Amino acid sequence: MKITLVSIPVRDQEKAFQFYTKKLGFIKKKDTPLGGGNRWLTLVSKDDQDGPELLLEPGPNHFEPCKVFQEALVEAGMPYTQFDVDSVDAEYERLKNLGVEFSIKPSTFGTVKYAVFNDTCGNFIQIVETI
Amino acid sequence: MSYYQKKIDAIKDTLFPNQEQLETVIGIKNYIDNNYESDLNLDFISQKRFVSKFHLLRLFKRYYGQTPRQYLIDVRLKKSKDSLKNGISVTETCFAVGFQSLGSFSTLFKSRNGKSPSQFQKEQLSRSITNSDC
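Here the protein sequences come in this chain order: B and G.
For the first sequence, the numbering used here assigns the number 156 to the initial residue and increments by one for each residue that follows.
For the second sequence, the numbering used here assigns the number 961 to the initial residue and increments by one for each residue that follows.
Treat the hints as calculated values from the structure; they're not laboratory data.
None of these values were measured; they are calculated from a predicted model.
You may find that some hints are simply not true.
[Said to hold, decoys possible] To be clear about the criterion: a stretch of chain B counts as covered by chain G if any three or more of its residues have a C-beta under 8 Å from a C-beta of chain G, and this derived list gives those stretches:
#1 232–243
#2 263–271
[To be verified] Below, a list of computed lysine-lysine pairs in the DSSO-like style, where the Cα atoms sit at most 30 Å apart:
#3 G:Lys1041 - B:Lys201
#4 B:Lys268 - G:Lys966
#5 B:Lys157 - B:Lys178
[What the hints assert, rightly or not] A few chain B residues that face chain G, going by a derived Cβ cut-off under 10 Å, partial list only:
#6 Leu228
#7 Ser258
#8 Thr285
Quick reminder that beta carbons are idealized off the backbone N, C-alpha and C, glycines included.
Make a model of the complete structure from these sequences and hints.
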């Protein structure tokens, strides 16, 4: 058994696709129409193209509890998931220059440095670096 | 301040009250990161950081969730992937990242990645050719 897919709920798949590829730098792996304007749309890290795929899932538009859960997380400022980066400070500067809004600036937590930003698609996302 | 940040800050105060200890263990990790290719062992690292071997082992495990040895192996394997992607031969990669035996490197690499170093390298190199073709 292998972990090959993780999903993230998004309100607008195309908007999410633009944000996650153009700003975060992921690349498209699969894009299949699923009817009703929905797509099976997955991304991978540029440096780990055999790694787990990130599914941009339009769940909040089709399943009310998913929307409620997503809103509750945002209300609490809680990240939906996190991605590893080589340098939180460098990514913070890079993303800030691209207009990305951070709810938590680079901070330390023991042996980890982290920051949290808004993905504009209904989620907070945390980036982490082991120091 | 959000609920999340308050919670994180509260946990941080409970878990990491000892800044000096934290700095020691981060120093050990940085030392491994910068010297992974040499013949590192716990005795040497503990002398370097003026802490006892067993204390170092406990500290490292507590803060990083794995032993220094496990961490060192992870670093070497990660570096070996970069080296193989850059077209360096399997043998050269093995010794350059600090492994002492080609056999144990290949076995370990396969057990962690599901493919041998040479298979991994072949796939990566053919991918970069395919990408540049498209």
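Against the structure, the hints:
Counting residues of the region 232–243 of chain B whose CB lies closer than 8 Å to any CB of chain G gives 3, so the stated coverage by that chain holds, three being the minimum. Beta-carbon proximity to chain G at under 8 Å applies to 4 residues in the region 263–271 of chain B; the threshold of 3 is reached and the given coverage holds. A threshold of 30 Å between alpha carbons decides the hint, and for lysine 1041 of chain G with lysine 201 of chain B the separation of about 14 Å falls inside it, so the pair holds. Note on lysine 268 of chain B and lysine 966 of chain G: the hinted pairing holds, with a Cα-Cα distance of about 16 Å set against a maximum of 30 Å.
Under the criterion of a C-alpha separation no larger than 30 Å, the hint pairing lysine 157 of chain B with lysine 178 of chain B is consistent with the structure, at around 29 Å. This hint holds: leucine 228 of chain B has a C-beta 9 Å from the nearest C-beta of chain G, less than the 10 Å allowed. Contact between serine 258 of chain B and chain G, as hinted, is supported at the beta carbon level, the nearest pair being about 7 Å apart and thus within 10 Å. Nearest Cβ of chain G to the Cβ of threonine 285 of chain B: about 8 Å, under the 10 Å cut. The hint holds.
Consistency with the previously given hints is maintained throughout, with no hint failing.
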